[in-house]
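Chemist: Sequence:
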Amino acid sequence: MTAVLDDRAITALDWLIRLPLLGAYELAMILGEDERATSRVLSDLLHYGWLEAGVISSPEIEPDRLHALSPAGHSEIARALALSPAGLGQELPVDSQETAYRWARVETTVGLNRLLAELVAAVQKTTNLRVEAIRSLPRRRPRSAWWPVEVEAYGCLRADQSLAPFFVAWDRAAASFQHRKKRLAAWYAFSNEQQPWGTGVPSILVLCANASTSAQWTKATQTFAARHADRPLPVLLAEIDAVFSADPLAEVWRGSETNLEAALSERLTWRERVPEECHLRPLADLPQTPSQQMPMRSVLAAADTSSERRAPVLYREIGVTKKRFLDWLAFHPLLTAEDLSVLVHCRRQQAQIVLRRLKDAALIEDLVTRASDDVCDATYYFLSSEGLKTLAQRDGVPARRYARHSSIAAAVTGWQGEGRLQTLLRQFDHTVGTNRFCVGLLADSVRRQIQVIAWLSAADAVMSISSGDRRQLRPDAAVDLQWRGARLRLLVEWDRHTMRGPQMNAKLGRYATYFSETRYQRTNGDWPEHLLVVTTSPSREEDLRARFNSAVGTAGLPFIPLSTSTASLVERLGPFAAVWSNGVEQGRMGLLDVLALAGRQPDSEAKVRWP
734 MTAVLDDRAI TALDWLIRLP LLGAYELAMI LGEDERATSR VLSDLLHYGW
784 LEAGVISSPE IEPDRLHALS PAGHSEIARA LALSPAGLGQ ELPVDSQETA
834 YRWARVETTV GLNRLLAELV AAVQKTTNLR VEAIRSLPRR RPRSAWWPVE
884 VEAYGCLRAD QSLAPFFVAW DRAAASFQHR KKRLAAWYAF SNEQQPWGTG
934 VPSILVLCAN ASTSAQWTKA TQTFAARHAD RPLPVLLAEI DAVFSADPLA
984 EVWRGSETNL EAALSERLTW RERVPEECHL RPLADLPQTP SQQMPMRSVL
1034 AAADTSSERR APVLYREIGV TKKRFLDWLA FHPLLTAEDL SVLVHCRRQQ
1084 AQIVLRRLKD AALIEDLVTR ASDDVCDATY YFLSSEGLKT LAQRDGVPAR
1134 RYARHSSIAA AVTGWQGEGR LQTLLRQFDH TVGTNRFCVG LLADSVRRQI
1184 QVIAWLSAAD AVMSISSGDR RQLRPDAAVD LQWRGARLRL LVEWDRHTMR
1234 GPQMNAKLGR YATYFSETRY QRTNGDWPEH LLVVTTSPSR EEDLRARFNS
1284 AVGTAGLPFI PLSTSTASLV ERLGPFAAVW SNGVEQGRMG LLDVLALAGR
1334 QPDSEAKVRW P
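For reference, each letter of the sequence shown is one residue, going 734 to 1344 in this note's numbering.
Treat the hints as calculated values from the structure; they're not laboratory data. Some hints could be false.
Pairs of lysine to aspartate or glutamate, EDC-like flavour, derived with a Cα cap of 16 Å [as the list claims (entries may be wrong)]:
#, residue 1, residue 2
1, Lys-1056, Glu-1119
2, Lys-914, Glu-883
3, Lys-1056, Glu-795
4, Lys-858, Glu-766
5, Lys-1092, Glu-1050
6, Lys-1092, Glu-1119
7, Lys-952, Glu-990
8, Lys-1240, Asp-1276
9, Lys-1056, Asp-1276
10, Lys-1056, Asp-1093
Input sequences plus hints: build the corresponding full structure.
Modeler: Now the structure itself:
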C-alpha cells in the first residue's frame, strides 16, 4: 500500500499553497500548535520533496526560514485537485514565477503572511467568528478575474450564515502618493466592470506603512469617494504598527468617511453569499511523496538547493548589508565609501568591497571627481536604472512610475524622473556639502548617545505652507533626533552664497511663514523645529540673519528658531561643537545648548538606535 501524508501534513500543505513563503512561526499560529511541532511537519514535507525553503535576507526582517511548494509538489497537488499545473497557477500563487516574485517582494510577503496568520489566530479565540477563506492572490491576473488589480490577498469571515469577504492591499513607505491614487483608481475601475460581485465589491483593507502614508491614503480615499458619491468603495485603513500592536480584529480600522476607529467585524460588509469563483476545494488524501519525484537519496539535497539556485531573483541574492547600501544611495545619492561606512556602521574597507560588488551587479554607478573645496578626487556613488528597477519591484510599483513620482534619484536616462539625479549632479558641491554635514551630524549623534530617527533628503523633507506664491517649503535636508525624551527636527540649509538675494529672501520668508503657522502645533514632549544654516563666512551669516529677522518680524514670531555657522568651522570641529550662533547669546555655542535654549528642558536620556 502506498504511504499517505497524515492529516496534519495535509493541513499544513493546504495553508502553504494559499500563503506561499510561510515561516514555522506563522504556520504554527494558524494551526494553533507549538512552533517546534510545526517545524517537524515542515521538515518532513521538505524531506519528502513537497516543499522548498530559503532564508530571508532583508534589513527590515529578522532572518527566518520560509517555505513554498516545490515543482514536484505543485504537479501533485494540481493532479489531486483535477487541475493542470497551469490551471492551478491561475487560482493560486504556487508556480516558480509566483514564488520568485514573492521572494523579490519578501518584505511585503512576510508582512502579509504575518497579518493573515494573526487574523486566523484572533478569529480562533472568538466564539462567533470563523475563517471561511484566506489566500494570497496570483500576480498574473486574467481579465475575467474575480479580484481587482493591486491587491495582495483575499479573505472571508463567517458569523452564523453571514459572510464578510475582503481584499487586502499592503502599502510600502517608498511608494508615491501618485501610486496610491493609481491603486484606488484601479479598484474603482474594477467595481464598474462586469465582475461577479456586482455593485457590492468587498471591503479593501489597506495596511498603511506609517502615519504619513496613512494621511495620503485618507486624502485619496475621501477624494475618490466624493467623486463616486453614488457608489463609494468600502476602503478600510489601518497603520501596520497599530494592527500588529493589537490584533487584526481590534478597533484600529477606519473608513474614508470618518476618523473614528472600529473593530474589523464592525467595518466589514456582511452578506449571505459570495461568488463561486472564490471557493477552493480542500486537499484530500495525498501520497507521502509526490509522484513526479527524484530518488529519495536526492530529495533532501533538492530541498536545500532548488530554492537557492534555480532561477533566483536578483533582489533575493543581495545580502542585508548590500540592501542597506542600496537604500541609502536611493534616497541620498553621491555618498562616498567613507560616508556609507558611517551610515551602516561598518569598516571603510568593507564598504568599498560592498560597493564594488554592487557596481559589478550593475545596481549602482559611480563618479570619480573632486569637490571644489577638496584637494584630491573621490568616488561618489548613486543608484543605476537596474538598482531602481530592483527597488521598484520590492515595493510593488511599476519602475517608470517609481522613477517619475518617488523621491528616489537614479540614473534613468530617457525616463521621466531622470532630472532628479541630474539636478543633484549639476549642483554637485551643494549636494556633497549637504551629505557631509548630515553624515557628520549622524555620526556625532551616536557618539553623544542621541537617537537618530531619520535623515530626510530635500525631496522627502518638503513641507506645505498655506500662504505665499509657492505653497511648499523645501529644506536641503531634515534630520529627526530624540534626546533626553524629547523629539526634535533639524531643518538644514547648506548655503554656498550662490543664491541671489531675492531668491534667498523668498526662501527665508517661507521659513518664517512655516514657523508662524506651526508654532501652536507642537505636540507635548516635542521641541520646535530648528533651522540650521551652514554658510561660507561670518559676514554671510550676518547677512542671512538680517534677512531672516526681517521675515520673522513680518510673520510676528516671538522667537527666532535659527542658528548659523560656517562650513569651515563645522568641518574642523564637528556639528555639535561650539560653532553655532543664534543671534542672541554672545559668542558661539554648542548645538545642544542652542536647542536647549529654543525648546523646553528635556527630562530623560534616550538610547542610541541606528536608522
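Chemist: Does each hint fit the structure? Answer for all of them.
Modeler: Do the hints match the structure? See the list:
no. : hint                : result
1   : Lys-1056 - Glu-1119 : holds (14 Å)
2   : Lys-914 - Glu-883   : holds (11 Å)
3   : Lys-1056 - Glu-795  : holds (14 Å)
4   : Lys-858 - Glu-766   : holds (14 Å)
5   : Lys-1092 - Glu-1050 : holds (15 Å)
6   : Lys-1092 - Glu-1119 : holds (11 Å)
7   : Lys-952 - Glu-990   : holds (10 Å)
8   : Lys-1240 - Asp-1276 : holds (14 Å)
9   : Lys-1056 - Asp-1276 : violated (43 Å)
10  : Lys-1056 - Asp-1093 : holds (15 Å)
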